[in-house]
Every structure is written in structure tokens, then in C-alpha cells.
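Visitor: Listed in order, the protein sequences are those of chains A and B. Taking the working numbering, the leading residue of the first sequence gets 1, the next gets one more, and so forth. Taking the working numbering, the leading residue of the second sequence gets 1, the next gets one more, and so forth.
Hints in this document: simulated from the structure, not taken from any laboratory. The structure displayed is predicted, hence computed values, not measured ones. Hints are not guaranteed to be accurate.
Copies of the same chain look alike in the list, so a pair counts if it works inside one copy or between any two.
[Unchecked claim] With a Cα cut of at most 20 Å, we get these calculated DMTMM-like pairs of lysine to aspartate or glutamate: (1) LYS72 with GLU229; (2) LYS252 with GLU240; (3) LYS252 with GLU295; (4) LYS72 with ASP137; (5) LYS72 with GLU265; (6) LYS252 with GLU293; (7) LYS252 with ASP285.
Number of protein chains: 2
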Amino acid sequence: MELAESLLAGNRRALARGISVAESGGPPARALLSAIYSRTGRAHIVGVTGSPGAGKSTLVNALALHWRRAGKTVGIIAVDPTSPFTGGAILGDRIRMQPLGGDPGIFIRSMASRGRLGGIAHATSDAIDLLDAAGFDMVLVETVGAGQSEVEIASAAHTTMVIEVPGMGDDVQAIKAGILEIADIFVVNKADREGADATVHQLRAMLRLGGPPRDGWEPPIVPAVAMREEGIAQVAAQVERHLAHLTDTGQKLARERQRVAREFELIVQEAALERVRARLAGGWDALLTRLAEREIDPFSAAGELLA
Amino acid sequence: MELAESLLAGNRRALARGISVAESGGPPARALLSAIYSRTGRAHIVGVTGSPGAGKSTLVNALALHWRRAGKTVGIIAVDPTSPFTGGAILGDRIRMQPLGGDPGIFIRSMASRGRLGGIAHATSDAIDLLDAAGFDMVLVETVGAGQSEVEIASAAHTTMVIEVPGMGDDVQAIKAGILEIADIFVVNKADREGADATVHQLRAMLRLGGPPRDGWEPPIVPAVAMREEGIAQVAAQVERHLAHLTDTGQKLARERQRVAREFELIVQEAALERVRARLAGGWDALLTRLAEREIDPFSAAGELLA
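The following block holds chain A by itself, in its conformation from the complex (with noise of 0.2 Å):
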């Protein structure tokens, strides 16, 4: 395959035309994923969110551009929920790639959810194994803190770090159970504003409520100032020393599996629908009309139509 050969060959120019072809999906994109499957599984995966303003893509710049300078490779994944149409990530992506532009040490990509039922999830890990493939040493996830997306996220990655801002009101304290779960480290950004010691408190006390530290490891926080570049050196730091800390107590190969797991989950459920509605041809629609004329109902249909 002409394209996945490119692409392993380190050419940029086929890891974007791949990227889109993965999203657009269908039997191309099938073809192209398992073209490079097994020359993925070399890179660190990073997973970066918080909330809006606060910084996630000045801090995934500045730790961008110290990995290069330490001679590694990056690509960049923008996965922008809140955009289900392309407009917000062809902009974001103009304005991105100005600062680290023209370096193929760099790669980044925005991505849109496009509506699709798990959509983000899908062409995020479709994006993050092409990268991965075409030789990338860091891939660095950055999403906005929304939920469900921040959970698909954790689960793509080897390391998911949380950004932080001074000031968060106690409305925020009920999410942050949930990110608590997730977060392997913490970075409180803007750390030259008021209240900065006070959030770092705060997150060490929570974390200290939430009990023993998870799979020995206990998240550290770190103060950091992205716009001026202050303390990005320790948070890459802390990012290696996580992927070491995976690597030695064999947790590395347990969240392979399980985002393998999760991935080949959505593969057979897709493919699955994609044989049953091949089966039954022009009797999808017909079976349709039963079921929006409540004549059946979904679930003895579904039995039916797998046995």
C-alpha cells in the first residue's frame, strides 16, 4: 500500500493525507490501520486536559519545543469537542503551527468530532497510531476538560496529565473527584498569579483524601508559568519518569492492553453492523419500519438477527 508506505517512510505530507483518510473512515481507512499496525507501540503517549483557559495549548508548545530540543520527535493531537463541525480546528490549526512551523520534527493536527457516535474516540486513536507508526516519539493528546472526552482520553494513554489554573471556585470540586482517576500528573499553569500555592494545597489534600497513592504511584503537581517557559523542564521530567515508573512495574504493557482492548471493541462492533447490514440488504429498511411501528421491538430483533 502506496500511502502507508510513504507514511512509515517519515513523509508528512502522507501522515496528513492518512490522518484524513482514517477519519473519513470505511474500508480505505480499515486497509491503511492495519497496513501500519504493527509498527505502532513505540511511542509515549500523552494525554493533556483542563479546562478552557488554561493553557493547555501554550503548555503542549512549550513542552513540544523542549523535546526537540532534547532531539525527540512530536506530534500533536488538538481534539476539540465542542466543535462538531470543522470550522474551530482548520483555524486552531493556523494558528498553531506558526510557532513551531516548518520543523517535520513537529507534527500537529486538530480534530473535530464530526457528530459521529464515538467519534472523537475512534479518530483520536486512529490519529494517535499513525503518529505512532510514522515514528513519532512523543504523541501528546491535548482535549478539553468536557467529560466524557477527558475519560476517552485517560484510556488512549500511557500518561494523562491535568492543567490547572489559581482560582478554581468550589463548583469545580465535584468534577474533580473524577479527575482524581485519571490524573498521573498535575501541572498548575499560570503558577505566577495569586493563589497559585493555594491550588497546589488544595490538590495535594485531595489527593491525600482519595487514599493510598494507585499502582505506586503518587501524582506530583507542578507549578508552571507556559507563556514564559518556566518549569516546562519539570514537567517533562515528570512526564519520563512516569513512562519509567510504567515501564518497571509492567503497568506499561496493562494499559497497552487495555487500550488495545478499547479499540478492538469499536473495530468488531463497527464490523459486526457492517456484516448484519450486508446480510440483510434492501430488509435493514424494511426491519427499520417494523421498529419504528413498534411491530418488534430492537432487542429480540438484534437476537434474532445474530444467532
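Add chain B to chain A, keeping to what the hints say.
Guide: Positioned in the frame of chain A, the structure of chain B alone reads:
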């Protein structure tokens, strides 16, 4: 099935328990939903979406009171995709219940996504079916306008209402392109604020740019002040006029088929995955390990499994 019978007979405790059963999923959920399915298809399902702070809950509560006074029963499902965990939803229920509490003709339920893939769509669909089967005339589904969930709600509803407030910035325009595709009715809430006329004009201009009305329906733009119950009768009238339009033009069955198709696809996918896993038994874990170690690719593996 006792729970189904109580629920169909109008028992509100059974309805609340039924929604919890559906949320938990698995065979009990399927048995319940299958048992009540033939009694669904009667309610008018109305999706209500808009940005945080647009006054969705106030408007939904005011509409519910309006329809109650007109002798209709009203079920409300408040979907909160920003809270993957239960905390927020429970608190929300308590606050919301107060103005409408004690009236058996009104039922309110908050739902959080719980981080399950397709979780909101699935749980909301099920809850709609249960309220529909329990005999509610109107089922209002309220959701924060957050991209994917909006699109999902629109495909679950007969009528989709989008709430705007005066003073929306230019940056919202990109999202608006998507909103135009799903809105059957626009409400400009807080219409006593400065800029309400401008918002109405902007919306009208955007609708005109969007070309001729789809399916013969030009989305009306209704000003309202939900907090003071102003404009509520006008909004309700437009919702009823939209249903009449759908029925008269045969689009109601078309939307119903769409809704059913989406639900049915999810059910077939879940059932297919469950069967594959059951058939493989211990082999499932072994397969995941081979996938994680890149010995096989997931597409070939899925193809073999389903062959």
C-alpha cells in the same frame, strides 16, 4: 415482568427504578426495555440545547408548568455531559425538583455520562423510551450545547430547540453553522437584555444564508424571558406547530425511523460484541495480549472472529 408492569401502570417509583436499571445496562436492562417497547412511540420528544448560562433549566421548567396547566404530563431528562460522575447530577435533581415537586404529572431525572462510550446517547435513549412508555405526553431532553451531545440529542428528538442569549460574540459564529443544521426552533432567552433584537436579526440573517428552509420548515425565532415566564406560551405554540408540521408532511415517521435506526445500531453492536466475547471466553484475553504485542492487527483479528 413486575417492574415493567408497575412502570406502565404509572407508578413513579417503578419509573425511577427502571431508569436506574437501564443505566446499569446488561440483561436486566434489555429485558425491561424489551418489555416496554411496544408501548413507546406516543410522546412528543423535544430536545433543548444551548450554551451554559443560556437559561435552559429555567426555560424547561417554565415550559413544563405551561404544559401541566394545559393538562399534559411532562417528563424531563437533564443530560450533563460535563459530569462523568454522579455528584453533579444528584445535586441537580434536588435543586430542580423544588419548584415542580409533588406533582405526579411531572417527572425529572438528571443523567451523567459516567464515562461510558456512547454513554449519554445510550442512557438518554433508554430514559426517553421509559418515560414515553410510562405515558408522558411530552418528554423534554435538556443538554448543554457541547458539540457531540447536541448532535446526538437532535437525532433523539422530534423537535430540537436551541436557546440563545443576547450578546453572543463573533467567536460563536463557527459553532452556529452546526446549530443551523439541527435547530427546529430558536429561543432568544433573557430577551429583556440589551442586544436581544440584534441577536434575533443575526439568527435570521444566518438562517437566510443557509438557503431555503429544509423540509418546508422555517425555524421560528421566539424571544422569551423564562425567569418571568414571558414568551413561554409562544415557545410552546411553536413546539406544537412543529409537531403538526412533522405529522402532516410524513416527517414524523421519518424522524422516528432515524431515531430507531440509531438505537438499533447500538443494540446490534453491543449484542454482537457480547456474543463474540462469550464465544471466545478465555481466548479474549489471549487475543488482547497478541494485539498489544502487535503480533496481529485488530482489523484482521476482527475479520477472522466474525467470519
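Visitor: For each hint, tell me whether it holds in the structure or not.
Guide: Hint check results:
no. : hint               : verdict
1   : LYS72 with GLU229  : within (18 Å within a copy, 60 Å between copies)
2   : LYS252 with GLU240 : within (13 Å within a copy, 56 Å between copies)
3   : LYS252 with GLU295 : between (50 Å within a copy, 17 Å between copies)
4   : LYS72 with ASP137  : within (6 Å within a copy, 60 Å between copies)
5   : LYS72 with GLU265  : neither (32 Å within a copy, 43 Å between copies)
6   : LYS252 with GLU293 : between (50 Å within a copy, 11 Å between copies)
7   : LYS252 with ASP285 : between (45 Å within a copy, 16 Å between copies)
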